[in-house]
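*Asks:* Grab the two chains, each in its own frame, and use the hints to assemble them into the complex.
If you read the protein sequences in the order shown, they are chains B and Z.
Converting from the first sequence to the working numbering requires adding 16 to each position, the first position being numbered 1.
Converting from the second sequence to the working numbering requires adding 9 to each position, the first position being numbered 1.
Just so you know, these hints were derived from the structure itself, not from any lab.
Glycine included, every Cβ here is placed at the ideal spot set by N, Cα and C.
Wrong hints could be hidden among the right ones.
[As the list claims (entries may be wrong)] Derived EDC-like pairs: lysine to aspartate or glutamate, alpha-carbon spacing no greater than 16 Å straight-line:
id, chain 1, residue 1, chain 2, residue 2
1, B, Lys115, B, Asp128
2, B, Lys111, B, Asp148
3, Z, Lys361, B, Asp94
4, B, Lys150, B, Asp87
5, Z, Lys434, Z, Glu210
6, B, Lys36, Z, Glu363
[To be verified] Chain Z residues, not near chain B, derived (Cβ > 10 Å throughout):
id, residue
7, Arg44
8, Ala81
9, Thr135
10, Arg158
11, Thr299
12, Thr360
[As the list claims (entries may be wrong)] If you want the footprint, here are the derived chain B segments under chain Z, 3+ residues with CB under 8 Å:
id, stretch
13, 90 to 96
14, 208 to 218
15, 249 to 262
16, 314 to 321
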Amino acid sequence: MSDAVAKSAAGSPAGRARMKRRYAAEMRFRLYGIAAIAIAMAFLFLLIGSVGIKGVSALYATEIRLEIFFDPAIIDPDNTGRPSPQADYAQLYRKALLKRFPDVKERRDIADLASMISTGARFDLARMVDRDPKIIGATQTVWLPAEADIDMAEKGQINLSAPESERRVKDSQLKWFSSLQAAGDVEKRFNERFFTSGDSRQPELAGIWSAIVGSFFLIVVTATFSFPIAVMTACYLEEFAPKNHWTEVIEVNINNLAAVPSIVFGLLGLAVFLGFFGLPRSAPLVGGMVMALMTLPTIIIATRSALKAVPPWIRHAAQGMGASPVQVVLHHVLPLAMPGILTGTIIGLARALGETAPLLMIGMVAFIVDIPHTPLDPATALPVQVYLWASNPERAFVEKTAAAVIVLLVFLIAMNGAAVFLRKKFERRW
Amino acid sequence: MQTTVLFAAILFLAAVGYVLGRGRAMAIAGRTRVRLHSLPSYYGYYAALWCALPAFAIMLVWAIAQPHVIDALTIKGMPTEIVSLPPAKLSLVMNDIKNAVENADISADKPEIKAAAEHMAAMRQTASIGLIGACAAAAGMGLLFGVGRIRPQLRARNRVEIVVHVAMAGASTIAILTTIGIILSLLFESLRFFHLVPLGEFLFGLDWSPQIAMRADQTASSGSFGAIPLVTGTLLITCIAMAVAVPVGLFSAIYMSEYAGYRLRSVIKPFLEILAGIPTVVFGFFAALTVAPFIRDFGQSIGLNVASESALAAGLTMGIMIIPFVSSLSDDVINAVPQTLRDGAYAMGATKSETVRTVILPAALPGIIAAILLAVSRAIGETMIVVMAAGLSANLTFNPFAAVTTVTVQIVTLLVGDSEFDSAKTLAAFALGLLLFVITLVLNVIALRVVQRYRERYE
Chain B
17 MSDAVAKSAA GSPAGRARMK RRYAAEMRFR LYGIAAIAIA MAFLFLLIGS
67 VGIKGVSALY ATEIRLEIFF DPAIIDPDNT GRPSPQADYA QLYRKALLKR
117 FPDVKERRDI ADLASMISTG ARFDLARMVD RDPKIIGATQ TVWLPAEADI
167 DMAEKGQINL SAPESERRVK DSQLKWFSSL QAAGDVEKRF NERFFTSGDS
217 RQPELAGIWS AIVGSFFLIV VTATFSFPIA VMTACYLEEF APKNHWTEVI
267 EVNINNLAAV PSIVFGLLGL AVFLGFFGLP RSAPLVGGMV MALMTLPTII
317 IATRSALKAV PPWIRHAAQG MGASPVQVVL HHVLPLAMPG ILTGTIIGLA
367 RALGETAPLL MIGMVAFIVD IPHTPLDPAT ALPVQVYLWA SNPERAFVEK
417 TAAAVIVLLV FLIAMNGAAV FLRKKFERRW
Chain Z
10 MQTTVLFAAI LFLAAVGYVL GRGRAMAIAG RTRVRLHSLP SYYGYYAALW
60 CALPAFAIML VWAIAQPHVI DALTIKGMPT EIVSLPPAKL SLVMNDIKNA
110 VENADISADK PEIKAAAEHM AAMRQTASIG LIGACAAAAG MGLLFGVGRI
160 RPQLRARNRV EIVVHVAMAG ASTIAILTTI GIILSLLFES LRFFHLVPLG
210 EFLFGLDWSP QIAMRADQTA SSGSFGAIPL VTGTLLITCI AMAVAVPVGL
260 FSAIYMSEYA GYRLRSVIKP FLEILAGIPT VVFGFFAALT VAPFIRDFGQ
310 SIGLNVASES ALAAGLTMGI MIIPFVSSLS DDVINAVPQT LRDGAYAMGA
360 TKSETVRTVI LPAALPGIIA AILLAVSRAI GETMIVVMAA GLSANLTFNP
410 FAAVTTVTVQ IVTLLVGDSE FDSAKTLAAF ALGLLLFVIT LVLNVIALRV
460 VQRYRERYE
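Same shape as in the complex, but just chain Z (with noise of 0.2 Å):
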């Protein structure tokens, strides 16, 4: 709320700071008969950033200091038998007293937690008016700065565009921080992670129950943790997955690229977009509600024993949810193989058929192959449907009519509820986060090599 406030106030100033701004400039190049370098706005945007931006600054490293800086004072506050604590004991310290000064109703029932909580809450009072008294002072003595720096001669539009500049630059680099963070948070987890379990055991492990302790000697983690059928259950899902997306998928392209008119095509495309539009989660409801029983019931009455949690249900579902993924991918591929190859089939007196399967799809093969990669790699990391539809225990069975589970379901069931933030399950979690995202880039990025080169090969 006080950095809403805050925030609101620092614009305000910066819009002053426009007025301002932009107000001498025109007063001085009246007075001077002077001409202005740059735009009169120019003079109102430089007199705003430099009341603005550090402002701006010093709220961030403020926002990311204060908890840690009031956490070592209060730290240090406390008597020396409770900093002497270990770490881990140290941290619940310290959650009593926040929520201490946090629910002001909980009455902190030990004295020197009471008494660190007062001087907690203490130092934030004195925290957040230093932080208006600091931001105040940036932003005024920024605005009287900028103003007081405004000439004629002053190339303020220059200024204002290098500002723009680092702007664009530095927001480019967001997207690398954020595979930085997904790697540096995954990997730091997963290494924490295989000091309680080897990385061997993890990889090749047949067993996967990381609920209940399986051997005596495992005293650091509470179960098994091997990842195999978790990968078997991703992989038979997949395979299913395919089996129903690909052939339909690309039939379909096939159909709408080379046959369908003008008309059927702008009736199906909407539909077909609406199937990819549909959320996941949708998608899971329906496999749950609808495709699950129905295999069940399908397959009792013809003498089958089919689990309620059969891999089929899931893998059917995701199948369906990619058929527009696979058809659009395809259908971008086959309408990129130049006319002129076409036209020379039906030359030879090939019918349309013949065209497609002798000429177009192996001229588009490198660009369906690289489409399947990237289907593959949306059903392997695709977490809503299995986790309402598949099973929760790891069966290592390639049966499609048995449950199985995934390497999702299973990130989702260790993280999902109550748990501590260091158990091996936990930190499970983010090994096979891990897992899946190596897998997935793999496939990414052989399937994105894939398209570049056989684009560049017909343009």
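Just chain B, same shape as in the assembly (with noise of 0.2 Å):
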């Protein structure tokens, strides 16, 4: 502002008090600005610190350590050297817990103190005996897997101080619990078993190893139809194409597209995908095809950014020294362009990935314990298994959600990191 304007407005009183208000409404303005800005903020720590803090306990589930009498007479009854399939593995945890606590007689204290252990021990022991039959006959030190109302207890994640009947662990639980503390049986190991294992019902079994795999084949399939047929798109748009009302309807299709909501995706894939073509339900082939037509504009739309970005006289050099109209896209404004095209198709997958909606309506929301092989096979995807886990009443799959959220987040910042990365490192400004 000019001197002579605020000595002249200065001048009188009523100038002055009108300079002053003025000033007070800049400053409120200024005021309006940063609180938008900290409240933005405020959001975003407060999303990823409740999540994350909820989150990181499940990295760690709590085992206890039991001396397991790996016994011939429930393994191996008839003498056979190898295991029998018919072995009941959990008798041996039992008994394991029984000779640890001779004291406890009643039918239903055995019943709660057995529960201690999770019903995913059985198939710890059996690997255990299957990788080394030698240890039939033999007595062990083993890290059993507590049961997840017990791990819970043990993160401080159930009220001890409710009454006996409105919690989910038992008083008696607790005193044997403790008692194995003391003697140093308990202990939170990293839980390896979260990252490596299907999704389960007892929560202290589950892991996102499925979803990951079904996450991983969701995304190549997206890559594999959208990054193709969107480059060709592009380059078919921003070079060849003649400028007439074909090519219009198409462009201006191509942004409304971008802007349909992901659900009615879904919809498309379930009467299209589904039911005209009669592909199978809950497959990654086809929740990456849905993904891949959703994902087609913003690549599409990036892709035609960097080749608008590759000044023309590359064009016109190739063109003198040669070159056909497709050996010059192809040969020299492509690869020019080509570090633009892969920071857009990056960011595009990663919004795939964390698409969820879509994948609903094709049915990738089933329960599945396996770890899919191929694209065909029944799968879930990171985020399907948020939300299923998220809609688990039950308390133990809190902190397993927001874990696997975790996990989400970091692949999504190990996407966009690689698209930011490529960026910086290759873009050319010319």
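*Replies:* The structure is reproduced here in structure tokens:
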């Protein structure tokens, strides 16, 4: 503001008051802006913080150390040297627990005692025996996963001051547990199972590996369909297409498609891919195809702006050397635009990785225990796993959900980081 | 599995074709001392395309036709009393047969199904052998033909480039086909729905309860399908979201573009991008886990009765999600206002905020309105947050503390879970999808028009 104006305005008392008001309004306006940014940042940190705090505890699982006697009478009653397929491995840790607490006699108490160990422990023991049948008849120290409610109690996520009838852990179990703790037989160990196993109804056994594999197949299918189609479309529209009504229709259509709600793409997949073509339900192949259609506009728009950024003299120089129009584009323009195209593609794929709604429509919400091996096997994806666990009423699934969110965010940040890296490293300014 | 192997085999043959074609072109050119028309590699591509394209075309047609042909033949081979069954029953029988074929361990209990299954399995066997034979023949003959046509005068580059051109133009129609696919599939299923439930009742009905039979005369459908409560629920949540996102997003955009220095911008921008990149399912989890209980407890502490799945919680979280969307779009619009307008305002003695309010915002208004329209369309189409944080019961209310449901929530609840594909319930989901598509399309078209016109004015 010029000095002359300021002086004349400041001359009279009324002018001074007006100036004061105007500057106060200026300050207020500035504060609104700062407040808006602060609110947005606060929400972001609140979101990440609340999910992060909840999820970190899922990285550790409570395990209980027991002296397991691999009883031949249970594992191999017919003395064949191989474990019997009917062997009841739950008996092993049940007996070990009873040996540890010899004064437990009542049937109900025995059941309570045994239920402190996860039912998944059977499979751990069976696997140990399968790997090394020689341990039949020997006694070994084994760490077994605790049942989810015990795990929750150990992590302080169950209100222990509530009356016994209102919580899921019994006083007797707590007593046994603290005696185990006093003996150093309880430890919180890194929850490897969470990263290596599939979904389960038992929270302490549930893992995200099947969802990660499903998401991987999904992204691979999405990329193989959307990348070539999008790049060809963008090249055609940007470099070859005549400017007529038809190409204008295509352009308007692409812009509109970019803003169509994702759930509508899911309905398209349900009606066309599943209903009309009869492709299998719950398969990452179908999910990937739906996601490819959904990410197509994003990648096309990114590719077109990357192609536009290549200066015209590159094209002219290539033409001057006798290159045909197709050669100009394929040999010169496209390679130079590739970093920008790849950046846009990765960002589009990251969006597809986090997308959930279309997958619900095509049935990728099934309860999947097995790890999928091909894109045609039924599978879930990471965000769907988050949704499934979030809708599970059991308390112990909350931390699993939060941990799955963390894993999902880590993948997304890695992908976006790769995109930023590509842009920084290879982008050329002309 | 078989398709993958076949695919790889054709690709391998095409590679062989490339080597042969290129080699033959070079050999002929070397022998006859005639200059080649194109680079040698184009002759290779020429042969490879002759090898691969016909084979892939056969594969594609075969893949589409085979199930239909085999189904028809299976039906033909069955006893007449099954063939004359009504279509719905017949498709059940076909399902049984297919199950028997695909899971060999499921023992077919009825002899005629068993016979049909064996028939079908045999036909599938024949078909797959036939496919391999046809593809091999097409690829081989194409290869020989392509290599055989190679002469130095052959305009190989032009031929290959025609294929490239056609492929690119073909790819660009996929976007159109997607739109047509969306419209047709939604329309087709919706029309079937409107046979069961009249259009007027769907659009203006005040009661939505797809689960329970409400009226005795409604024989075809199982409940009542009035979409008004869903639309009002969607609008309520969208309004709450906009009440959060528009002021916060707009003011942060103004601050970022007019006040903040380069350094602050380079710090804040990435954070807003992170917020924009967070998947909606995470926002949904956040809403259900943190926001909803907080609002409920807060409401109770001041004596309000708040539902645990209140519209406020879902709307608030959706607003947070949309903040970066509004802010980045408005940022673009505000930056597009020419610097000369600002300079003129400053020269008149206006303060910064006066410039923003009286010059920049009016100039940017159409663009900002377009941005808000796009944000509204996103909020209406948003699914996961409302699925996880909003309610399921359709209440016709504008009370933000009550539980409402939205169009997208109902689509998900109608389609997730086991239900037959033809019932009014599943068809209703497509009708809601059509409603959603039309509303968002109208908003988008208006917004894009405004943006375009506005952009032209300052360029």
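*Asks:* Look at each hint and say if it fits the structure.
*Replies:* Hint check results:
For the suggested pair Lys115 of chain B and Asp128 of chain B, the alpha carbons sit about 15 Å apart, so the restraint of at most 16 Å is met. Distance hint between Lys111 of chain B and Asp148 of chain B is unfulfilled; the C-alpha atoms sit about 21 Å from each other, more than 16 Å. Between Lys361 of chain Z and Asp94 of chain B the CA atoms are separated by roughly 90 Å; this puts the pair beyond 16 Å, and the hint is violated. Simply put, Lys150 of chain B and Asp87 of chain B have alpha-carbon atoms about 12 Å apart, close enough for the 16 Å limit, and the pair holds.
Straight-line distance between C-alpha atoms of Lys434 of chain Z and Glu210 of chain Z comes to about 15 Å, which keeps the hinted pair within the 16 Å bound. With a CA separation close to 14 Å, the supplied pair Lys36 of chain B and Glu363 of chain Z stays within the 16 Å bound. Every CB of chain B lies more than 10 Å from the CB of Arg44 of chain Z, the least distance being 14 Å, so the non-interface label holds. Ala81 of chain Z, annotated as away from the interface, keeps every beta carbon of chain B farther than 10 Å; the closest lies near 14 Å.
Taking the minimum C-beta to C-beta distance to chain B, about 20 Å, the non-interface status of Thr135 of chain Z holds against the 10 Å cut. Its beta-carbon lying about 21 Å from the closest one in chain B, Arg158 of chain Z satisfies the requirement of being farther than 10 Å from that chain. A cut-off of 10 Å between C-beta atoms contradicts the statement that Thr299 of chain Z is not in contact with chain B; the least separation is 5 Å. Listed as a non-interface residue, Thr360 of chain Z fails to keep its Cβ farther than 10 Å from every Cβ of chain B; the least gap is roughly 5 Å.
For the stretch 90 to 96 of chain B, the stated coverage by chain Z is not satisfied: 0 residues place a CB nearer than 8 Å to a CB of that chain, which falls below the threshold of 3. Interface restraint, the stretch 208 to 218 of chain B with chain Z: violated (0 residues with C-beta to C-beta distance below 8 Å; minimum three). Taking a C-beta to C-beta cut-off of 8 Å, the stretch 249 to 262 of chain B contributes 6 residues in contact with chain Z, enough for the three needed, and the coverage statement holds. Judged by the Cβ-Cβ criterion of 8 Å, the stretch 314 to 321 of chain B is not covered by chain Z as claimed, because only 1 of its residues qualify and three are needed.
Checked against the numbered hints above, the structure violates hints 2, 3, 11, 12, 13, 14 and 16; every other hint is satisfied.
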